[in-house]
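Colleague: Okay, here's what each chain looks like letter by letter:
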Amino acid sequence: MSDIVQRSASYDAAQDSADIAVLGRDQKRAEEELKKQTAHLDELFELAPHAVVLVDAEVRVIRVNKEFTRMFGYTQEESVNQPLLDLVAPEERLPEYQNNARMLSSGQKVESETIRKRKDGVRIHVSMTASPVLTAGPIEGYIIYRDITERKRDEALLAGEKRLLEMIAKGDSLPRLLEALCQLVEQTAAGSLCSILLVDPNGRQLRAGAAPSLPLDYTQALDGREIALGIGPCGNALLSKESVIASDFRTDERWSGEYRALALGYGLRACWSTPILSLEGHALGTFALYYREPRSPTPEEYNVIEQFRDIASIAIERTQAEDALRRSQAYLAEAQRLSLTGSFSWRPATGAITWSAETYRIFEIDPAVEPTLELVRERVHPADVGFFQQHVERAVRDGEDFAFEHRLQLPDGSIKYLQIMAHPSRNESNDLVEFVGAVMDVTERKRSEDALDKLRLDLAHVSRVSTLGQMAASIAHEINQPLAGIVINGNASLRWLAAESPNLDEAREATRRIVRDGQRAGDVITRLRSLFQRRGSLKERLGIHEVVQEVIAITRGDVQKGGATIRTRMADDLPLVRGDRVQLQQLMLNLIMNAVEAMSEVHDRPREIVISTQRGEGNEVLVQVQDSGVGLDPQAKEKVFDAFYTSKSVGMGMGLAISRSIVEHHGGRLWAASNDGPGATFLFTIPWNTDGGA
Amino acid sequence: MCPLISVVDDDDSVRESLQGLLESIGFGVETFSSAQEFLDSECLTRTDCLILDVRMPGMRGPDLQRELTRRKWHIPIVFITAHGDEDVRPRVLSAGAVDCLLKPFTEEALLQAIRSAIPPS
Chain A
758 MSDIVQRSAS
768 YDAAQDSADI
778 AVLGRDQKRA
788 EEELKKQTAH
798 LDELFELAPH
808 AVVLVDAEVR
818 VIRVNKEFTR
828 MFGYTQEESV
838 NQPLLDLVAP
848 EERLPEYQNN
858 ARMLSSGQKV
868 ESETIRKRKD
878 GVRIHVSMTA
888 SPVLTAGPIE
898 GYIIYRDITE
908 RKRDEALLAG
918 EKRLLEMIAK
928 GDSLPRLLEA
938 LCQLVEQTAA
948 GSLCSILLVD
958 PNGRQLRAGA
968 APSLPLDYTQ
978 ALDGREIALG
988 IGPCGNALLS
998 KESVIASDFR
1008 TDERWSGEYR
1018 ALALGYGLRA
1028 CWSTPILSLE
1038 GHALGTFALY
1048 YREPRSPTPE
1058 EYNVIEQFRD
1068 IASIAIERTQ
1078 AEDALRRSQA
1088 YLAEAQRLSL
1098 TGSFSWRPAT
1108 GAITWSAETY
1118 RIFEIDPAVE
1128 PTLELVRERV
1138 HPADVGFFQQ
1148 HVERAVRDGE
1158 DFAFEHRLQL
1168 PDGSIKYLQI
1178 MAHPSRNESN
1188 DLVEFVGAVM
1198 DVTERKRSED
1208 ALDKLRLDLA
1218 HVSRVSTLGQ
1228 MAASIAHEIN
1238 QPLAGIVING
1248 NASLRWLAAE
1258 SPNLDEAREA
1268 TRRIVRDGQR
1278 AGDVITRLRS
1288 LFQRRGSLKE
1298 RLGIHEVVQE
1308 VIAITRGDVQ
1318 KGGATIRTRM
1328 ADDLPLVRGD
1338 RVQLQQLMLN
1348 LIMNAVEAMS
1358 EVHDRPREIV
1368 ISTQRGEGNE
1378 VLVQVQDSGV
1388 GLDPQAKEKV
1398 FDAFYTSKSV
1408 GMGMGLAISR
1418 SIVEHHGGRL
1428 WAASNDGPGA
1438 TFLFTIPWNT
1448 DGGA
Chain B
53 MCPLISVVDD
63 DDSVRESLQG
73 LLESIGFGVE
83 TFSSAQEFLD
93 SECLTRTDCL
103 ILDVRMPGMR
113 GPDLQRELTR
123 RKWHIPIVFI
133 TAHGDEDVRP
143 RVLSAGAVDC
153 LLKPFTEEAL
163 LQAIRSAIPP
173 S
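So the protein lines, in turn, are chains A and B. Reading the first sequence from the start, the letters are residues 758 to 1451 in the working numbering. Reading the second sequence from the start, the letters are residues 53 to 173 in the working numbering.
For the record, the hints were derived by calculation from the structure and aren't laboratory data. One or more hints might be untrue.
[Said to hold, decoys possible] Reference excerpt, derived from the structure (chain B facing chain A, CB under 10 Å, subset only):
1) S69
2) Q71
3) G72
4) E75
5) S76
6) P109
7) R112
8) T133
9) G136
10) E159
[To be verified] In silico contact screen, one side only, chain B against chain A (beta carbon under 10 Å); selected entries:
11) D61
12) D64
13) V66
14) R67
15) L74
16) G80
17) L91
18) H135
19) V140
20) L145
21) L154
22) P156
23) T158
24) Q164
25) I170
Here a beta-carbon is modelled for each residue, glycine too, at the ideal position from N, C-alpha and C.
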């Protein structure tokens, strides 16, 4: 350390003279350095990508850079010494003063976004950074401008788009939507007059959509025009499905004289029209920008047009789809009302039920009430509740299509007949999600059917009576002829015998004729009997199951009407029997209808018919028809097969008698047995290894 | 000379039995199995009483009655029928028939009708 101090002292002395020379040299170097730096700063100032301006304390321009002259359109010379506030848009003057005041007073950097007016009057959005230059001299400041017009436009566009899409989502009306769209476009594309024309649903005519700034008379003149070439850029755009640019109507020969006169008459010089297409490519309308001076679109303007055209397309398609939906909903509601058919959905898992308006009307329940199964059950006719419940349970258990009829009993006591049908819908894992179905009010149909049934019965009665009458007359004629002969011959015979000298030959002859006529009357009776006992052939080989199924099919309506269901338990591999199909069908029909009638008064248990088949003892097929009806009086078990025996208020009591005669005709037996539980079973056998009985 | 009774009936039993009975009483009897057969016969002019069936194949009893009226042959007619046709009886009676008997009829009813047709001379 002391060594260094020493060396330093001697050095200091030697240095003094040399230092002066160095000082002069350093100063020169420093000056050069400063010059160099200033040149660099100048260059930086000039080449900065943002507009930079240096101002004095009165905010007069001291200096501007190249970008400033480009951005605002003033030259250096025009700018210097001018108040910077000349650049400021009038509405921005006040905030601008405040900004400047803040900067100058605080000595702090101030950033803001504002609007400036170019020399040519065009307004531009700028972001501005103002910073004071803190020197000992007079206060100066730098202001840096960045042109953010494009960003601002993009932001405004985006906000506008968002607003439009919200309007579409909210379901605003199409005219309002299109009007808002036009206004937004006009804000974005300065000087433009936006117009949207729609294609009429018939596809042939133009319809006014929205054009808030175009003269109303001009828009009305286009409304209803046939779409054709030459009627204007919009017609051409629709037909070609391409954008059409008409830069100047005055020089463009593509348009009819009439159209040009119309457009020019309203001061319109240019029009850029682009077709609005649906997703499928159908023309929905046109989106057009008009200008009052000749113009062609810039690439940016093209982009804007396409952007808004797409929004217009969404708006139109969405509105049209909603209109179509509303229309089809209205049609559906009207169709439901006219056909007295309501619809419903039912989720068994949650019990949730939805009804259409017509379903509410059918059930006569206030649409404000949420439907439940309990509510439905309360309206089901008491006699049908069990039956209804069975179907509901089966639907939940099987999850398959269902259809049935039941009655409603409304609070005022009136009765309605309903036909219910539903189809299950399932999720991907095949679980039942809900039933979707229809409820038809068939009361009127039922009433006319009942009236028709009654009429048919009356007719059948009339026809039976008149047939019987005719038959009686014809039988009387056939019998009366020989009877007359017998009586007359008897009288004659008596006379021949009573004569003073009896004429035995004549008497014998008369008596012979009596015998002959008596036999003739007997023959008439025999012929009649054979007429009534016409029997079918037993030649056909048939499966008893087919017969059973055929009859189940034809009696389905009656069985359902009787509130009953049929279950079958068929044995496999039953041999064919020989018989008369029609007679065996008649037999099954009688037994099924007999079972339905036997259960008509049953309300405390399901009305169920079980039809089962099996091999009987020996070579015969045994068929059982079991019901859950009122059962059989033990004494009546045989009587039920007698002709004219009936326990019912209607019918002739012929069904079971005929059934027995059919079975016996086939060589089988028909009998009745009481069930262990409620109801009765009718059993019959048909042999299968013989050619039949009779 | 005994009165002649003509019987027109398509039924053999009725024809034969009536012939036997009326002959046993002493009438002359001619029988015909159809109306046309009677019209074609020479008995037409000699018949004192016609016993006529209502329903027959071809020309029916009332048709024959009308035909005779048209030809102005006033033969007393006793209709007989095995049918209980309610409306036939008043029709034939108003057209001049003596009676209309429903088969089987009693001998008494028949003879009374014949007596009305052929008053005892």
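Colleague: All hints are to be evaluated individually against the structure, with a verdict given for each.
Modeller: Hints versus structure:
1. S69: holds (4 Å)
2. Q71: Result: holds, 9 Å to nearest chain A Cβ.
3. G72: holds (4 Å)
4. E75: With Cβ-Cβ at 8 Å, under 10 Å, it holds.
5. S76: The hint holds - B:S76 has a Cβ within 10 Å of chain A, the shortest such distance being about 4 Å.
6. P109: violated (13 Å)
7. R112: Check failed: Cβ of B:R112 comes no nearer than 14 Å to chain A, outside 10 Å.
8. T133: Holds. Min distance 9 Å.
9. G136: Holds, because the Cβ-Cβ distance from B:G136 to chain A comes to roughly 7 Å (cut-off 10 Å).
10. E159: Nearest chain A Cβ about 4 Å off; hint holds.
11. D61: Interface hint status for B:D61: holds (9 Å vs cutoff 10 Å).
12. D64: holds (8 Å)
13. V66: holds (5 Å)
14. R67: Because about 9 Å separates B:R67 from the closest Cβ in chain A, which is inside the 10 Å limit, the hint holds.
15. L74: holds (8 Å)
16. G80: violated (15 Å)
17. L91: violated (23 Å)
18. H135: holds (5 Å)
19. V140: Because about 12 Å separates B:V140 from the closest Cβ in chain A, which is outside the 10 Å limit, the hint is violated.
20. L145: violated (20 Å)
21. L154: For B:L154, the interface hint holds, since the closest Cβ of chain A sits about 8 Å away, which is under 10 Å.
22. P156: holds (4 Å)
23. T158: Check passed: Cβ of B:T158 comes within 7 Å of chain A, closer than 10 Å.
24. Q164: At about 14 Å, which exceeds the 10 Å cut-off, the nearest Cβ of chain A leaves the hint on B:Q164 violated.
25. I170: Hint on B:I170: violated, closest Cβ of chain A at ~18 Å, above 10 Å.
The structure shown violates the earlier hints numbered 6, 7, 16, 17, 19, 20, 24, 25.
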